[in-house]
Structure formats: C-alpha cells, structure tokens
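Could you build the full structure based on these sequences and the hints that come with them?
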Amino acid sequence: MTPYSPHVLWLAISASLILAGCGNNSAEQPWVDYHQQLTKGLSIATIERHSPPNIGEFPERRERLFDIPETREGMLNIYALRGCQITSLIAARNNQLGRVAPPSQHWLYERTLWQRLSACWNSDIPDTLSDDDKARLVALTELKTEQLPTVSWNAIFDSEEWEKSFSRASSPLNSLELPNIDNQLLAVDYLEQMVKHQFSQEWQQDSSALENHLKTLQERPLTAEVLRTLLLAHQRLIEANEALETTRSATNECLQDNFPAWLAPVEQISHQWLMSINRLINVHELTPPEAVTNYQNTWLSLSNPQAPWQQLQRAKEEHQALRDQFTGCSDN
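Numbering-wise, the sequence shown is residues -27 to -1, 1 to 305 according to mature numbering (1 follows the signal peptide of the UniProt record, and there is no 0).
There are no misleading hints in this set.
Lysine to any residue pairs mimicking SDA-like chemistry, simulated, CA-CA at most 20 angstroms apart:
| hint | residue 1 | residue 2 |
| --- | --- | --- |
| 1 | Lys137 | Thr189 |
| 2 | Lys169 | Asn255 |
| 3 | Lys188 | Pro152 |
| 4 | Lys137 | Gln245 |
| 5 | Lys169 | Glu119 |
| 6 | Lys117 | Gln58 |
| 7 | Lys137 | Gln78 |
| 8 | Lys289 | Phe232 |
| 9 | Lys107 | Asn50 |
| 10 | Lys107 | Ile51 |
| 11 | Lys137 | Leu38 |
| 12 | Lys289 | Asn277 |
Just so you know, these hints were derived from the structure itself, not from any lab.
Next comes the structure, spelled out in structure tokens:
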C-alpha cells in the first residue's frame, strides 16, 4: 500500500469535510465557483463555507385548520326544502364516497350548497314554505354563509398538495437552471380566484380545473425550494462579505467585475412565488390561525427584516458595498 504524506492526507480530509458540510449539488456549485473567483482575484485563503440553516417546519394540521362543527339536519327537514335543489347534493355528500372525498371536493360541495341555498332564499320558494321550514332555510343559509370562508381556508391548508409545497425534504433550486414556474403560478392564482369569488353566483367553479391545478402544485415542493435557495444565497454572501471585510485593508489586489449575474433571476423567481403565496393567504377574509400567521411572517414575508427575502437583500447590498471599496481590475 502506497504511504501518503501527512500534508496530502490533510488536504484530502479537508476537501471531504467541505463537500460533506456544504454539499456538492448543482445548487451549490455556482456559489463554489464565485467564492473561488474571489479568493483567486484577491489572493486570499479559501472562503470557509457552512451549511445554511434549515427552513421552518410547516404548522401541524391541528394548528393550521379551523374547527367547523358538523351540520346535522333530518332528511325529512331537508326534503321539505326540496324546491331548493339541495336534497340530492346533501345525499351525495353523506354517502360513502362523499364522506371520504378530499378537502378540495368538500370545498366544491360547500360552495355549491351555499349557491343553491342563497339562490333559493332570493327566489319565490320561501313563500311556499311553512314558517318552520322557512326558518330552517334562513338558519341553514346563514350558517353556510358563515362557514364558507373557513371551509375555503381548510380546503387549501388541509390539502396534501399544499402541505407538500412546504416540505423540509427539499433542496435549493439550481441557480443556473431555474424551473419555469408559470403553471405553478397559474395554479395558485386559480385557488385565489376561487376564494375571491366564493360568494359569487356568476363565477363557475370547475372540479377538473381545481384538481389539475392542485396536481401541478404537487409536482415539486416549490415553496420550500425557494426558501432554501434564499437561505443558501444569504449564507454564501455573508461568508463572502466576511472574507472581503477581512481583506480590504490588507491587500492591493484589484477585483474583477464578476458579481453573480445569475442571482437576479433567482431573486425574480423567488419574489414572484412569495408574492403569489402571500396573496393567496391574504385573500381569505378571516384571521388566520396564529401558527400560520407566525409562519407567514417568519418565512414568507417580503417585508419582515428577519425573513429570508429581506435578509438576502441586506446581504446583497452589503456585498456590493464591500466590492465597491476595491479597485476594479482593468481589462488590459
């Protein structure tokens, strides 16, 4: 077996630690290259890299949903309201398939039920009902009107597709091969439109469109990927800033104008997605559960100074300010 000198062994161990600690995936490589450009240009030691912090855990199901009591009415009472065309709808909801339907289908059912009750109350049908049945129609319509916003919220926040978008089992986006998120943006926009028009008689929901959009969201944990991308960028810029701060008063080296051009598209896609997610959360006309509000403010906010987006903006501004303190290298 060929013996290796202590120097060679130390280099091998150091390299393995860097790869193990920081990863060697496609998302990391652009930052590795940029750090190497800085160290080469300034003739400084290798910039020490550390793993960025983990993203926050999405609130547990019980913390992010509203408790909606089950509505109980006897079938004879419902049959008395048959002119409102709700008997077959309620029967379908209460059969075996209806009881195990996903949250999205429950949302469609509740909105259709509200539409029929509301349309019925604003028709001539109440004039044909007994006083008890008319009172029952009023109570049921008011109850479903009150519950629909929380039903809409639960339908989204209880969906597997939405929860998976925040999965911690995710990786940062590759800054050099960013995905096209147009379909994901359309999916979130459709959910937003459903919430925005939930009390409209004119706006028609589409079951297949809803399920297809949810399926699109399930294709990748995009929210988590964006957050990890922002955390990685912030971490690597902070490390670069520390190296520049340490070096600026101890070197006469010039600095090439090689600020990462690929960072702007990363910011653009991150801003687009966070804007979309925040719009969907904020369009609900209710006060979200505290756990969701905290998560939104801590991780998704575009204005909170301590959230990933604003942290990256500060680190980038500091980085550019530090770079400006170095003499630029001429092309000659």
